[in-house]
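Trainee: Start from chain Y and add chain R according to the hints.
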Amino acid sequence: MGIESIVKQLITDRSFRDEVAKDPDTVLGRFELSAAERKSLVRMCRNMAASGGPSSVPLRSEGLVWY
Amino acid sequence: MERLRYLGLVAREVENAIAASKCSPEYIELLRQVLGDPGGILSPSARVRWGSLVLLTCESASYGEWRHAVPAAAALEVFAASLETFDDVEDDDPPPPWFELGKGHLTNVAYGLLMLSQQCVFRLAKRKETADKAMAVADVLSGVGLIAGSGQHYDLLLEGRTDVSKEQCVEIASQKSASLVSGACRVGALLGTENQDLIEQYARFGWHVGMAAQLDNDIEGVRRPGKSDIRRFKPILPLSFYAESLRSDGISPPVGEVDEEKVRRALWDSGAIHYTWVIADVHRQQAEEILDKIEEVRPARFLLGHLVAPEEEVQAVRR
Numbered sequence: 253m254g255i256e257s258i259v260k261q262l263i264t265d266r267s268f269r270d271e272v273a274k275d276p277d278t279v280l281g282r283f284e285l286s287a288a289e290r291k292s293l294v295r296m297c298r299n300m301a302a303s304g305g306p307s308s309v310p311l312r313s314e315g316l317v318w319y
Numbered sequence: 027m028e029r030l031r032y033l034g035l036v037a038r039e040v041e042n043a044i045a046a047s048k049c050s051p052e053y054i055e056l057l058r059q060v061l062g063d064p065g066g067i068l069s070p071s072a073r074v075r076w077g078s079l080v081l082l083t084c085e086s087a088s089y090g091e092w093r094h095a096v097p098a099a100a101a102l103e104v105f106a107a108s109l110e111t112f113d114d115v116e117d118d119d120p121p122p123p124w125f126e127l128g129k130g131h132l133t134n135v136a137y138g139l140l141m142l143s144q145q146c147v148f149r150l151a152k153r154k155e156t157a158d159k160a161m162a163v164a165d166v167l168s169g170v171g172l173i174a175g176s177g178q179h180y181d182l183l184l185e186g187r188t189d190v191s192k193e194q195c196v197e198i199a200s201q202k203s204a205s206l207v208s209g210a211c212r213v214g215a216l217l218g219t220e221n222q223d224l225i226e227q228y229a230r231f232g233w234h235v236g237m238a239a240q241l242d243n244d245i246e247g248v249r250r251p252g253k254s255d256i257r258r259f260k261p262i263l264p265l266s267f268y269a270e271s272l273r274s275d276g277i278s279p280p281v282g283e284v285d286e287e288k289v290r291r292a293l294w295d296s297g298a299i300h301y302t303w304v305i306a307d308v309h310r311q312q313a314e315e316i317l318d319k320i321e322e323v324r325p326a327r328f329l330l331g332h333l334v335a336p337e338e339e340v341q342a343v344r345r
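Chains Y and R supply the protein sequences, listed in that same order.
Letter 26 of the first sequence, counting from 1, is numbered 278 in the working numbering, and no numbers are missing.
Letter 85 of the second sequence, counting from 1, is numbered 111 in the working numbering, and no numbers are missing.
For reference, chain R alone in the conformation it holds in the complex:
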């Protein structure tokens, strides 16, 4: 499978970037451990996630060439791992079970990953065929990183509040997540074509895919017991819809410690889950429309269509 080949090459690229660093063996081990977490690029159960967006978009935009984009795919994987690690620390999530050092150390690992992602971009700059694109890739990464930081700021600021509007929740999802997916697609596209209009289309496609994915993720966050989204009353669409429904019925939304199970049931009964699903599905359709436009000039459906798969191809989740 071509996509499995992606995986091995991106993982090797990350390993090469780590090996080229002058870090101590202990610090390198920590970087590897975070990247080796389940699903991470260096784990046995690795899935190419962010990197695959880069490679698939590049392959689509360039009519089939993608190998030259591997360092950029590695940069995206490491960049996303860095942001996820920072996010875990900021959210005060429990550190991974294998991580015996304190949160200060975990922050320092997140910092190291951020620097490592820059090293991956420099590796792109050192290759003749991609040297002229490396600056643009660095520009995209730092730009979306800043936007994601801004989204995280509002996420932290508005946590626990029950008066957050649906529009604010959508804006946070856009900044924290959709911007990153859009950035990954933009990086792949700019490594695959010089056509600026086409690059914009891939980026817009990624933004809608990112919105849909984040909203799906928000449903998962409130649906599953054990997740902290309800307890912390995160500024996410289903909770905002629920609080708004209560207010429109003249009921004050819960403040402080909430009965999670009761809220979880109410999220289904109030339509909050269904509403969030509808908005996610609208974004999927918008992504699909853009994909159809791209398909007129580039092979796109075959490579990127699975990201907007219709409901028949996905599982139903129950209350």
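Next up, chain Y with everything else stripped away, as it sits in the complex:
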């Protein structure tokens, strides 16, 4: 499963999300991901847990690039 499919499953499957949040190394370790990708997916899961679901993403309030 590629990162695209993992993201899709994370936003639609709450139990998968909980599993990743609880034991990211084991669950995400099954997939071919870089360390940075794994870390970002975990951050995303934790953000979803904190905000109650996949309805927000943490975004920098001020970008550097405007077009």
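These are calculated hints, taken from the structure and not from any lab test.
Accuracy of the hints is not assured; some may be wrong.
Unchecked claim - Below, computed lysine to aspartate or glutamate pairings styled on EDC-like, alpha-carbon distance capped at 20 angstroms:
{"id": "1", "chain 1": "R", "residue 1": "LYS192", "chain 2": "R", "residue 2": "ASP295"}
{"id": "2", "chain 1": "R", "residue 1": "LYS129", "chain 2": "R", "residue 2": "GLU55"}
{"id": "3", "chain 1": "Y", "residue 1": "LYS291", "chain 2": "R", "residue 2": "GLU315"}
{"id": "4", "chain 1": "R", "residue 1": "LYS192", "chain 2": "Y", "residue 2": "GLU256"}
{"id": "5", "chain 1": "R", "residue 1": "LYS319", "chain 2": "R", "residue 2": "ASP223"}
{"id": "6", "chain 1": "Y", "residue 1": "LYS291", "chain 2": "Y", "residue 2": "ASP275"}
{"id": "7", "chain 1": "R", "residue 1": "LYS253", "chain 2": "R", "residue 2": "GLU116"}
{"id": "8", "chain 1": "Y", "residue 1": "LYS291", "chain 2": "R", "residue 2": "ASP318"}
{"id": "9", "chain 1": "Y", "residue 1": "LYS291", "chain 2": "Y", "residue 2": "ASP270"}
{"id": "10", "chain 1": "Y", "residue 1": "LYS291", "chain 2": "R", "residue 2": "GLU314"}
{"id": "11", "chain 1": "R", "residue 1": "LYS253", "chain 2": "R", "residue 2": "GLU287"}
{"id": "12", "chain 1": "R", "residue 1": "LYS253", "chain 2": "R", "residue 2": "ASP63"}
{"id": "13", "chain 1": "R", "residue 1": "LYS192", "chain 2": "Y", "residue 2": "GLU284"}
{"id": "14", "chain 1": "R", "residue 1": "LYS253", "chain 2": "R", "residue 2": "GLU185"}
{"id": "15", "chain 1": "R", "residue 1": "LYS192", "chain 2": "R", "residue 2": "ASP275"}
{"id": "16", "chain 1": "Y", "residue 1": "LYS274", "chain 2": "Y", "residue 2": "GLU289"}
{"id": "17", "chain 1": "Y", "residue 1": "LYS291", "chain 2": "Y", "residue 2": "GLU271"}
{"id": "18", "chain 1": "R", "residue 1": "LYS192", "chain 2": "Y", "residue 2": "GLU289"}
For clarity, every value in this text was computed on a predicted model and none was experimentally measured.
Mentor: Relative to the frame of chain Y, chain R by itself:
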């Protein structure tokens, strides 16, 4: 605050470059008006954006010296304002409300800003301590300007198409935006050190920061009603992901006039927003890794760490 001091010095440098030109008062007024747009270097709400990358990188690379890089910071600010103005015209965005003349005039102002940025580089050449670096700065600016033009070419060419791949979107973001941020960091670094390996590291750091910033910006572009990214189906990562998701479900992506609100909801539901965020976050982490390497030999985290701030320090945006 040191960074506020940056702001005043860069703005003064831009004003001096304008004053030294032999332009008519009317044309000078137009240049000032564009640079005085909200957030612009000559506006009351000015933020040093591109210029701050130059100064902070220079300060880091040189163990604390940055004043000699002010003309280069001014050049970057004016250069970026020029590209943004050209971009607005090319994208057929409405001109600023205060701009009563036609688009031809706005193009001519963008051209003037481009020339003014060169004048800022020449001011660097006229100073004894930076004369030998001015050619290298001009080389970086024209080089990244060409790459940005190439990215803009593909951006315009692929607009409205629903078959643009994620890789193409990433390449456009790299050429249009990341190259400029990388260039700003390279300019600051080369004014701060002779160490070529270190200069490359700052440039790579800037490239990742630029990628992350552009992808954040792409999320903003599709998240906010009123932006034209969805309507024009711009070649950006969230829209490419969404179109690809539809195709993989056997559904044809929308063509022609789209229901923007429906697409906006679908971007959240399909994971397009989240996927784009993950890719941006990966770039932030890569930038952070490079910063850690630089930190081994130069003070870097204190000066540039805010550009890769962890999520706790940034706001959450909701659907």
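Trainee: Confirm or reject each hint.
Mentor: Tested hints:
no. : hint                : verdict
1   : R:LYS192 - R:ASP295 : holds (18 angstroms)
2   : R:LYS129 - R:GLU55  : holds (16 angstroms)
3   : Y:LYS291 - R:GLU315 : holds (13 angstroms)
4   : R:LYS192 - Y:GLU256 : holds (11 angstroms)
5   : R:LYS319 - R:ASP223 : holds (11 angstroms)
6   : Y:LYS291 - Y:ASP275 : holds (12 angstroms)
7   : R:LYS253 - R:GLU116 : holds (16 angstroms)
8   : Y:LYS291 - R:ASP318 : holds (17 angstroms)
9   : Y:LYS291 - Y:ASP270 : holds (15 angstroms)
10  : Y:LYS291 - R:GLU314 : holds (13 angstroms)
11  : R:LYS253 - R:GLU287 : holds (12 angstroms)
12  : R:LYS253 - R:ASP63  : holds (19 angstroms)
13  : R:LYS192 - Y:GLU284 : holds (19 angstroms)
14  : R:LYS253 - R:GLU185 : holds (15 angstroms)
15  : R:LYS192 - R:ASP275 : holds (17 angstroms)
16  : Y:LYS274 - Y:GLU289 : holds (17 angstroms)
17  : Y:LYS291 - Y:GLU271 : holds (15 angstroms)
18  : R:LYS192 - Y:GLU289 : holds (16 angstroms)
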